[in-house]
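Student: Residue numbers (our numbering), protein chains in the order written: chain S, 1 to 313; chain P, 1 to 136; chain X, 1 to 148.
Do not take every clue at face value.
Example chain X residues on the side facing chain P (calculated, C-beta under 10 Å, incomplete) [claimed, not checked]:
{"#": "1", "residue": "ASP17"}
{"#": "2", "residue": "ALA18"}
{"#": "3", "residue": "ALA21"}
{"#": "4", "residue": "ARG24"}
{"#": "5", "residue": "ARG28"}
{"#": "6", "residue": "VAL39"}
{"#": "7", "residue": "VAL45"}
{"#": "8", "residue": "THR46"}
{"#": "9", "residue": "ALA47"}
{"#": "10", "residue": "ARG53"}
{"#": "11", "residue": "ALA94"}
{"#": "12", "residue": "MET95"}
{"#": "13", "residue": "GLY111"}
{"#": "14", "residue": "ARG114"}
{"#": "15", "residue": "HIS117"}
{"#": "16", "residue": "PHE119"}
A few chain P positions that, by computed beta-carbon distances, are all more than 10 Å from chain X [stated by the list, open to error]:
{"#": "17", "residue": "GLN30"}
{"#": "18", "residue": "ARG48"}
{"#": "19", "residue": "ARG88"}
{"#": "20", "residue": "LEU105"}
{"#": "21", "residue": "ARG120"}
Think of the hints as simulated: they come from the structure by calculation, not from any bench. All values derive from a computational prediction rather than experimental measurement. Even for Gly, the Cβ is constructed at its ideal location relative to N, Cα and C.
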Amino acid sequence: MQVSVSVSVSVSEENAEQEPAAQQVSAFLERRREQIAQRWADAALFRTVFTVSRDEAVEAGRAVAAALAAVAASGRLDDIRASGFEAVRDQLGRMAASRARTGIDPDGVAREVAALREPAAELLRAEFEDPNGPEALECVVALTVLMGTLRLVVMETAVSASEELIARQREQLHEVATPVIKLWESTVAVPLIGTLDSARSQVVMESLLDAIVAERARYAILDITGVPTVDSLVAQHLMKTVAAARLMGAECIVSGIRPAIAQTIVHLGIDLGTVLTRGSLADALAYALSRQGVGIGPVAPAGTAPAADAGVR
Amino acid sequence: MTGAAGIGPAGGHFTVPVLQLGDVLLVTLQGELHDGMAEQLQQDITDRISHTRVTGVVIDISGVEIVDSFLGRVLAEIAAGAGLLAARTVLAGMRPAVAITLVELGLTLPGLRTALDVERAMELLGAASRPGEGSP
Amino acid sequence: MRAARHAAPATLPIGSDADLAWVRQQVRQAAAELGFGLVQQTKLVTAASELARNTLVHGGGGQVRITPLDTGQSQGLRLDFVDSGPGIRDLEQAMTDGYTSGGGLGLGLSGAKRLVHEFEVDSRPGEGTTVTVTAWATPVSPSRPGPP
Numbered sequence: 001m002q003v004s005v006s007v008s009v010s011v012s013e014e015n016a017e018q019e020p021a022a023q024q025v026s027a028f029l030e031r032r033r034e035q036i037a038q039r040w041a042d043a044a045l046f047r048t049v050f051t052v053s054r055d056e057a058v059e060a061g062r063a064v065a066a067a068l069a070a071v072a073a074s075g076r077l078d079d080i081r082a083s084g085f086e087a088v089r090d091q092l093g094r095m096a097a098s099r100a101r102t103g104i105d106p107d108g109v110a111r112e113v114a115a116l117r118e119p120a121a122e123l124l125r126a127e128f129e130d131p132n133g134p135e136a137l138e139c140v141v142a143l144t145v146l147m148g149t150l151r152l153v154v155m156e157t158a159v160s161a162s163e164e165l166i167a168r169q170r171e172q173l174h175e176v177a178t179p180v181i182k183l184w185e186s187t188v189a190v191p192l193i194g195t196l197d198s199a200r201s202q203v204v205m206e207s208l209l210d211a212i213v214a215e216r217a218r219y220a221i222l223d224i225t226g227v228p229t230v231d232s233l234v235a236q237h238l239m240k241t242v243a244a245a246r247l248m249g250a251e252c253i254v255s256g257i258r259p260a261i262a263q264t265i266v267h268l269g270i271d272l273g274t275v276l277t278r279g280s281l282a283d284a285l286a287y288a289l290s291r292q293g294v295g296i297g298p299v300a301p302a303g304t305a306p307a308a309d310a311g312v313r
Numbered sequence: 001m002t003g004a005a006g007i008g009p010a011g012g013h014f015t016v017p018v019l020q021l022g023d024v025l026l027v028t029l030q031g032e033l034h035d036g037m038a039e040q041l042q043q044d045i046t047d048r049i050s051h052t053r054v055t056g057v058v059i060d061i062s063g064v065e066i067v068d069s070f071l072g073r074v075l076a077e078i079a080a081g082a083g084l085l086a087a088r089t090v091l092a093g094m095r096p097a098v099a100i101t102l103v104e105l106g107l108t109l110p111g112l113r114t115a116l117d118v119e120r121a122m123e124l125l126g127a128a129s130r131p132g133e134g135s136p
Numbered sequence: 001m002r003a004a005r006h007a008a009p010a011t012l013p014i015g016s017d018a019d020l021a022w023v024r025q026q027v028r029q030a031a032a033e034l035g036f037g038l039v040q041q042t043k044l045v046t047a048a049s050e051l052a053r054n055t056l057v058h059g060g061g062g063q064v065r066i067t068p069l070d071t072g073q074s075q076g077l078r079l080d081f082v083d084s085g086p087g088i089r090d091l092e093q094a095m096t097d098g099y100t101s102g103g104g105l106g107l108g109l110s111g112a113k114r115l116v117h118e119f120e121v122d123s124r125p126g127e128g129t130t131v132t133v134t135a136w137a138t139p140v141s142p143s144r145p146g147p148p
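Just chain S, with the same shape it has in the complex (with noise of 0.2 Å):
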């Protein structure tokens, strides 16, 4: 995190007015960004995100108040675009997005990052011989100025930082809620746990029929044990499945169908009719086992393998 400070020197033509302001308060904030970032590192929104450790804090301090005199030195005060914010961009995002997993909306988010600006005011002024002249009033309203921008950038970062948390963390959703499992030979089994909406059986659906050709399964099984309960859309889903498994040539059986979703599916006038059934995941295995040639039982005292190992094909 290196920011560059030999920018202080470049002027603006822009912004005439402003600019010795701007220059004053940038030259403030590289000056005493050692005292800024101590005070902030106690400010609720450092505090809150780095609970590690303090010294975390006041180095993400330090960063932020050298891009803040970055900013100041350009002269682009209220420019969201300048590019001194970028150096601390992704950690500002960071810190909102850690801020937002709180549960604290994006309004409490910006006023913790309005709360900044006073801490860094008051040193500002103590800079002055005369705290409430002109020069030192025009300073502060420099880094007012330049604090709103601040949380712009915040609230800004923070917006698109979510959003793209929201798309990863559906699209993993679906990916991580939906794991095929082989459990034998030819045999894959998929255990759907949580509601099941129509974009997540469409990506079981598709899982399934991939791992039934990458596993060259002759039986699949949907094991609906976690699923909290079965409406008609779900049991649609379901046959879909099951008839598009059938089509491939496999087997399809889909096992643990709790009492009171069997009750569910009868009230509701559901025809699993074709769908082959069993009680519990171990059953359908069983059954797949079975019908491949595969015994269960016992092992054998003494003697010889079992036979399980001896009749897969």
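Assemble the complex: chain S is given as a structure, and chains P and X must be docked to it using the hints.
Tutor: Only chains P and X this time, still in chain S's reference frame:
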């Protein structure tokens, strides 16, 4: 994308390979199949079954990217026609995307035997022709 | 991400079996370019095949216009199948599963509708039929290069 070669705006021309392996007819569909060609194929297969003594037909569609209701109907009719001539038909190698689409289309081809690939289809026909083993 | 692709609409004739094959191929290519996943491509191409055949068999031939859509948020493909045939007398009946007037399985219209996101039929007896379907590349697609 593979298998779509040979089709131009003017229409491509290629034949569907039909191979006899023992008492099984192996039909390999690939890429684009014009409606007319599908109907011709249906005719050809029925002729072949009646003139030879095959007891099984395996239709390999692993190279087919889409099956619409027309081709679906042709496949079902081939199977039904073969059945009348005492031959069993197995549809082999349907791709997942094709299977999902067919189900969504409402075409589940209930009367058709299916297998994951040609090898499994041959296995199925062999097992079915042996006495004492029931069909699913 | 939004690299060069020809986003211009294309119009193809539907007058023969070979045209159906060409329509399928062009729809497949357009959908692939717009980032449709394999299953989505297959669904859309199948729907296009059903509708193009309707245009050919029931409408006495016609054409299809393929229009790529881009809302900024998502990419889609619109297909307009236009014929100037006899039109559909009883649309409700024609949309019923299993209803057939042409020797198929009667899944043409109703089946195609289930394969796309938006579906619209405009038919005037004696003047012709336009079927418009739209499909969108869904945002959650496994083919998307995810973050490491």
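Student: Look at each hint and say if it fits the structure.
Tutor: Results for each hint:
1. ASP17: holds (4 Å)
2. ALA18: holds (3 Å)
3. ALA21: OK, holds: ALA21(X) within 10 Å of chain P, min 5 Å.
4. ARG24: holds (7 Å)
5. ARG28: holds (7 Å)
6. VAL39: holds (5 Å)
7. VAL45: Constraint on VAL45(X) satisfied, holds at 5 Å.
8. THR46: holds (5 Å)
9. ALA47: holds (8 Å)
10. ARG53: Status holds, d = 6 Å.
11. ALA94: This interface hint is violated because 14 Å lies over the 10 Å limit.
12. MET95: violated (12 Å)
13. GLY111: At 4 Å from the nearest chain P Cβ, GLY111(X) passes the 10 Å test, so the hint holds.
14. ARG114: holds (5 Å)
15. HIS117: violated (12 Å)
16. PHE119: violated (13 Å)
17. GLN30: Holds, because the least Cβ-Cβ distance between GLN30(P) and chain X comes to about 13 Å, which exceeds 10 Å.
18. ARG48: Check passes; 23 Å lies beyond 10 Å.
19. ARG88: At roughly 22 Å from the nearest Cβ of chain X, ARG88(P) sits farther out than 10 Å, so the non-interface label holds.
20. LEU105: Non-interface label on LEU105(P) violated, nearest chain X Cβ at 4 Å vs cutoff 10 Å.
21. ARG120: For ARG120(P), whose nearest Cβ neighbour in chain X is about 23 Å away, the distance exceeds 10 Å, so it holds.
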